[in-house]
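Given two chains presented individually in distinct reference frames, assemble the corresponding complex, making use of the accompanying hints.
Listed here are the chains, written in short residue letters.
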Amino acid sequence: MIYREAGQFKSNYAADMAVFPLKQDRIGIVVIILLAYSMAFFGSTFMLQAVLIPFLIFALAAIGLNMLVGYTGLLSLGTGAFMGVGAYACYKLMTIFPEVNVVVWIFVSGFFAAGIGVLFGLPSLRIKGFYLAVATLAAQFFLQWTFNRVPWLVNYNISGAIEAPRRTLFDVQIVGAAATPQARYIVVLTIVIILTWIASNIVHGRIGRQWMAIRDMDIAAELMGIRPFKAKLMAFAVSSYYCGVAGAMMVFLWYGGAEYNVFNIDQSFEILFMVIIGGLGSLIGSFFGAALIFMLPIAMGALLPAIFEPLGIRIGAETIEHLRFMILGAMIIFFLIVEPHGLARLWQIVKQKLRVWPFPY
Amino acid sequence: MNLLHQIFIEPFAFMGEAPDLLLQVLWEGFVSGILYALIALGFVLIFKASGVFNFAQGIMVVFAALTLVGFHAMGVPAILALALAIGVMFLLAVTVERVVLRPLVNQPDIILFMATFGITYFLIGFGELIFGGEPKQMITSELMLPQGRTSFDVAGGFVAVQHIDVAAAVIAVIMIATLGIFFSKTRIGRALRAVADSHKAALSVGISLNQIWVIVWFAAGIVALVTGIMWGARSDVSFALQIIALKALPVLILGGFTSIPGAIVGGLIIGFGEKLAEFYWGPIVGGGIESWFAYVIALIFLVFRPQGLFGEKIIERI
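Protein chains in written order, with my numbering: chain A, 1 to 361; chain E, 1001 to 1318.
Here chain E stands alone, though its shape is the one from the complex (with noise of 0.2 Å):
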């Protein structure tokens, strides 16, 4: 009776009483969001012009900002540093077209799965050992980010917005906005999905499969770049942000695999649901569970919808 009142009421009666408090978390959960969507995205690109299913995406992000801040700290100025950082990831773009996705062609997707886990524990032993495992600071003054933060009087209390977080936001916006259309109007976005729907059948009309996946682990690559500057500037650059990179995959189940609407509802869901668990449930069972409640959330609606909020209906034939 004590637990039932600990989670069905006094949560909610904490809610009505500080409601600057829960704006804050609702807030909190909304960035947090955005950022899983970001990430989401990447591997949405890859997932529907490629079927792979890009693991390798979260340390992608860590990589990405990591280069950006070593060319920084080799004294580069921030602007070529940024240009430099584009060029590696296209160079990994190459890299992975050429080495693993071309002798790959063809075979079960699980099989394509497991490579991106190796893909994934090389750049995590290359990035160590060229720029260091410690964490590092991202140069967000440098790269004419917003800094600092405003308190907005609400209810009696107050709710303070970081500015990096409302650039986070917008840019988020923009980003995904520009994919939306690139891959609706232009040439390139169409061939992209005509290679999503069938390999064969894609390059039986000329598209090349090579050069799409290179564009496409290009694009997946500076959705990392954005991804690896937002995060970094709200923690800081480490490799503890690849375990926080897999909080998409949750997001990806609930948003469906090949929707990009579906990665931005997806995470924003997972984003508010952590942090509302999180502050106002997480107490009862002594905290902590951030880690997995997102995962869990993404079980629990594969057993009633395997397909995801927007994705498509599985069908299965022999």
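So here's chain A without its partners, still in its complex pose (with noise of 0.2 Å):
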């Protein structure tokens, strides 16, 4: 009902490709972006601090990962630590040449990340599955000593953290410790709408296809004339730097400062449950996942005392906590078994729904 497309003709090649070739979708993406840009005026201090920046954020690290293991089929496990060479990157680049404004260097910042990635994707050539996984633990583990033993990174403070440096934007402070949420917000959320909107033209073009068709069978895709070195290695480049970006903004829009053990393999496995829920090998689904599971805890905090407190039952908060992680293994089964294709699958059969109601197809 809600979706009919009778009437929509395509007509050139180009409107068979589009990534939204349905009327309505373009206007809801419209209103959506709409909607997230009102949020800065009209969200709390907490919405904007505590739910809607994080989740963005985590949002963008998923969409990363997602290349990798959704698109190209390399597992990985190094997402927390490529995150952590783009922070530490930034926060060099920020604090060598003040000058230069900090939004370029989130961008910049990737790009250290995407070296990095590419050096420990090497393996991948070689190697496949869970090999592959223990390959980028080594990554992980060993990026995650480097943040805290080269004091260089951190320009030698001696807490061995880094604090973001205070810097503007259009002369509005966005990093820092007098930046506003509102602002911070604004920028996280134009910045995850133009790497998203890269994301979706490289999944969708050459590249996207060369990882698919690795994906799904590599030898029968290098039969066929496609680089694997090429097209592998540029899974990690691209996955790292959406990574190394997510890293960045992740310490100097949200947190305001980090130390080593943020970037931890539980930050790793985190950024690989949302995008095994969100849906594997799809960018919606990323930012399903990034929310549910965000979210999850949150909603546990609020729900669970409401719910037993009257009960005389006591929720600690580290009950809370040890529940999360049942929930969140149990729903990593339930998905794997029930839907492989995550929240994004569920989306699509609404929409097919809704397209058909009030028929049943």
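Calculated from the structure, these hints are not laboratory results.
Keep in mind that this is a model prediction, so the values were computed, not measured.
Where is the CB? At the ideal position from N, CA and C, for every residue including glycine.
With the Cβ distance kept under 10 Å, some of the chain A side facing chain E (calculated, not the full set):
1. 127
2. 130
3. 131
4. 140
5. 141
6. 144
7. 146
8. 265
9. 321
10. 332
11. 334
12. 338
Shown next as structure tokens:
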């Protein structure tokens, strides 16, 4: 009913290849983007700082990992470390060249993460599956150790932590202690929209098709003339770029400072779970997965005490944390069994139902 | 030049100067190598029989040890607690088979691998919810495991050997031998190998996949319990063990995923390599290289010999 595509004809190739072929989709995306920007003015500080900013940042990291795991079929457990590379690179660049705008450095820091990602992606040319997962664990532990042990990375700060210096964009402070959540939210949102748009073009284009061919069967893809060397390293580079930008944003536009153990293996797993639950090989799924996994503890923290406290059972913060781990684990297994394509697939089903409603099909 | 000197000359000179220290480091490496091999053994068991790369083996070690200590803390005698812990591992095996493996039959390996992440997280949450997150003391004396240590005089110094380490080595050797015999001589062992070769072929000759999976996860659970007792006796029982247990992954890469001797040799290489590197070369870069050294060895190894030392050559067809 809502989705009625009757009368919308595709008369050229460009229209046929469009990311949003339906008019309703195009209107919908504009409305969503406008709503997202208006949240900066209507959303409370808590909403922006504790929910929306981290959600967008994690969604970007999940998009990055999804390009590697979902589109190219290369499992990586080093996401947290690649995010860290972005954050530390951004910090060094910001402090060495303070006159250049910080937003530029956030984008540039991704390239450092991409370089490191390619380096640790080199074994992917010979190995795959869980062998590769172990190889990326090397990246995780080695890089985390580097963040901790190389004082140059934190400008010889005695605390061993990076702290966001004050930086402005158009004379509005966006990085540093005095930056308002509103300003930071708009910057984060803009960066995420731009990068999502680029990601969408990459995965729908030639490179994305190469990745998917590699994922489905790499030997067959090679015989068809796709160079695994180029395609796989490209996947590592692009994926790490996104993770690096997400890491830089996480430290400078959300936390305001970070230590090396922010980028630990749990962070890597969290992002991987967002990808699995959201849907392997789906950009919108990355947003869904990030929303579900990031909001889960917030929702549980609000709901569980409200339900159990009247019954006389006290729910402590640590109990919620333990329950969160259990639910997360159970959800992973559930989604892998019942809906391997994740929330993105559920979204498609809903769209299909809306299209044919009130008829069953 | 100075750096080269530090890397290539000083450590060896130091080794020659203090052979007792070298022996001590080698012994430490040997013991941790044995323990890595034990964890790796759990991985190999499950991988051989079901083709599942069980990421949850590490948390199973922690969970088994916690169950044992937890039962004992409730006032159950040590031997009974041990039996109950074995019972819990059996229940876990049945549950995993029912809830996770059975619905995922015939899925790609990587999906099953990711499902074991789910098991890992579930067990972390479940274990912490029931037993609490704080580290616990392993009931070493109640299980009649030896304690204390003996010092040997070697070349002007001494080497201290913990009795529990000797016990760990002996138990590991017994266990590996038992498993080896079990795999090659018994009826169930042969069925396990058949399943590993091909699920479909095994099914067609009348081997029950479900039964085999329960058996093999149970066996891995017992290996995890033994490993948990040994690790727990050396330090204490806490969830931090889980990160250490991840070191079994590079061990597997070195040894090959399907080879029990490979797990042992790989474990020893990683154990020796890591302790030597930490003690002699670690100070040059500021120490703490134990956390990643094993992975980097594995990474370098992967580039040259992806199938591991003892693994079968990987042949891929379309």
